[in-house]
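Number of protein chains: 2
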Amino acid sequence: MNLPPLIQSFVLHFGEMGSRWGINRTVGQIYALLYVSPEPLCAEEIVEALGISRSNVSMSLRELQAWNLVVLKHLPNDRRDFFTTPDDVWQILRTLAEERKKREVDPTLSVLREILMQPPGSPRERYAQERMAEMHGLIEQLTTWYEDVKRLETERLANLLSLGSKITRLLETKDRIVTLGRGRKAGKKQAGEQVRLVAPDDGAQ
Amino acid sequence: MNLPPLIQSFVLHFGEMGSRWGINRTVGQIYALLYVSPEPLCAEEIVEALGISRSNVSMSLRELQAWNLVVLKHLPNDRRDFFTTPDDVWQILRTLAEERKKREVDPTLSVLREILMQPPGSPRERYAQERMAEMHGLIEQLTTWYEDVKRLETERLANLLSLGSKITRLLETKDRIVTLGRGRKAGKKQAGEQVRLVAPDDGAQ
DNA sequence: CGCTGATTTCAGTCATTTCTGAAACAACAG
DNA sequence: CTGTTGTTTCAGAAATGACTGAAATCAGCG
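Just so you know, the protein sequences line up as chains F and V, in that order.
The first sequence: position 141 = 141 (UniProt numbering), numbered continuously.
The second sequence: position 199 = 199 (UniProt numbering), numbered continuously.
Be careful, since some hints might not be right.
Intra- or inter-copy, both count: the list cannot distinguish identical chains.
Straight-line alpha carbon distances no greater than 25 angstroms define the calculated DMTMM-like cross-link-like pairs of lysine to aspartate or glutamate that follow [to be verified]:
| # | residue 1 | residue 2 |
| --- | --- | --- |
| 1 | K101 | E134 |
| 2 | K73 | E98 |
| 3 | K102 | E114 |
| 4 | K73 | E130 |
| 5 | K73 | E125 |
| 6 | K73 | E134 |
| 7 | K166 | D106 |
| 8 | K166 | E140 |
| 9 | K73 | E63 |
| 10 | K150 | D87 |
| 11 | K166 | E155 |
| 12 | K73 | D87 |
| 13 | K73 | E39 |
| 14 | K150 | E140 |
| 15 | K101 | E140 |
| 16 | K73 | E45 |
| 17 | K150 | E104 |
| 18 | K73 | E44 |
| 19 | K101 | D148 |
In case anyone wonders, no lab produced these hints; they're calculated from the structure.
Given these sequences and hints, build the entire structure.
Now the structure itself:
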């Protein structure tokens, strides 16, 4: 491996991480290398940088393309394929989330649904189905949330993140205010459907 | 493998998923089996159900314990170890998130920080550091959000999820209202610090 | 103690995955 | 068409990871 030390550490770490994930070491390393390279790289450059075989690079790039994690570029007057990663880290995050969902979550949901359709043949299966239903419900809640927030523009998404749990404090407050303002019972938080916000130190308290 | 068909499908699927993840097939299967079993199981029962060696079960249970995904129970007058998974799926989710963060995110953050401390030796390294800084920033935003919301009680967390992106509509609305109500400039969303909520069709519009 | 029943460890075997080099393939220029 | 440059495929080698059985260890109990 023939790389400046800073970059080498990064590449090696991603190789490690890659293998701890489903994706293999080489794929991780190539991705890391592309990520920190200012210009697109061709296969041969990757071979030299990482000291691995040409064919390995080819297969790994293929894998990265299957994940949509890498973009193919062509320079004028050059038949070689050049590769980069998208510039925007948020975009990368989205792609990653989408692909992992597709490969891991969706198949699981469909297996669960299929099993849940079948009539249980014993109390033991009956119980198992209940448990699976719980799991199914949880995953569905999470994916619904995901499907919802993934459409946000990045700036909004970042805002939502930085809000974090604070929003729930607002919900509590809302309950209180609703109670005061209208004599309605608190609790039953059909949360957030069409509430409106008001500036600090304003209005009802 | 000696299991009712419904349960077998589930167990096999989790084995598959396990290997697509870092965790191996057997570990996935054992977890799935424990998850759908109404009573805690001892090692020998797992051996019979899955048709694998005793020592493999022992090692895999060890691994599951390391992940805190499994709880050890002792029945009175029985020296054997019995295992279950926690009942609450939300709790399971929390554990999973926590452990994955510990194993995947934290080490990455620390590698990134370490690399970012070092002076770049070339323009190439300079650029690489910029990219790493972007990645570091993103991961930090995500973990900050995570650290924040993970403390919520389950009910609140579920509410937050079901709100999803709706909350950003509130933020937009807030900007508008703040503008109307106080003549402040919109934009610059130092979002949500101490805003208050008001019931629908109430107050300022 | 030393026996019993249970669990863990570990060295070696087996299986899977990753990686390579050679060969096939593709695109283009002359 | 033929030579050149670049990419992909693929069968087998190398490396890694999973699994097993035998032996070691542990925890109670008479």
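Checklist entry - Within a copy, between copies, both or neither: where do K166 and E155 come within 25 angstroms Cα-Cα? => result This pair counts as both: shortest intra-copy Cα distance 18 angstroms, inter-copy 15 angstroms.
Checklist entry - With identical chains treated as interchangeable, where does the CA-CA distance between K150 and E104 reach 25 angstroms or less: within a copy, between copies, both, or neither? => result Both, since 17 angstroms and 23 angstroms are each at most 25 angstroms.
Next on the checklist: With identical chains, the pair K73 and E45 could be close in the same copy or across copies; at 25 angstroms between alpha carbons, which is it: within, between, both, or neither?
Outcome noted: within (14 angstroms within a copy, 56 angstroms between copies)
Next on the checklist: Regarding K73 and E125, is the shortest C-alpha distance of 25 angstroms or less found within a copy, between copies, in both, or in neither?
Outcome noted: between (53 angstroms within a copy, 23 angstroms between copies)
Next on the checklist: As a check of your reading, is K73 near E63 (CA-CA no more than 25 angstroms) within one copy, between copies, both or neither?
Outcome noted: Answer is within: at 17 angstroms inside a copy they meet the 25 angstroms cutoff, but 44 angstroms across does not.
Next on the checklist: Checking an output row: K73 and E98, CA cutoff 25 angstroms. Within, between, both or neither?
Outcome noted: Classified as within: same-chain Cα gap 23 angstroms, cross-chain 39 angstroms, threshold 25 angstroms.
Next on the checklist: Checking an output row: K150 and D87, CA cutoff 25 angstroms. Within, between, both or neither?
Outcome noted: within (18 angstroms within a copy, 30 angstroms between copies)
Checklist entry - Is the C-alpha distance from K73 to E39 at most 25 angstroms within one copy, between copies, in both cases, or in neither? => result The answer is within: 10 angstroms in one copy meets 25 angstroms, while 57 angstroms across copies does not.
Next on the checklist: For K101 and E140, with the copy left unspecified, which applies at a CA distance of at most 25 angstroms: within, between, both, or neither?
Outcome noted: both (12 angstroms within a copy, 22 angstroms between copies)
Item to check | Intra- versus inter-copy proximity for E130 and K73 (alpha-carbon distance at most 25 angstroms) | outcome: Close across copies (22 angstroms), not inside one copy (50 angstroms); limit 25 angstroms.
Next on the checklist: Within, between, both or neither: how does the pair K101, D148 come out at a Cα-Cα threshold of 25 angstroms?
Outcome noted: both (14 angstroms within a copy, 23 angstroms between copies)
Checklist entry - Under a CA distance limit of 25 angstroms, which applies to K150 and E140: within one copy, between copies, both, or neither? => result both (15 angstroms within a copy, 19 angstroms between copies)
In terms of the numbered hints stated before, the structure departs from none.
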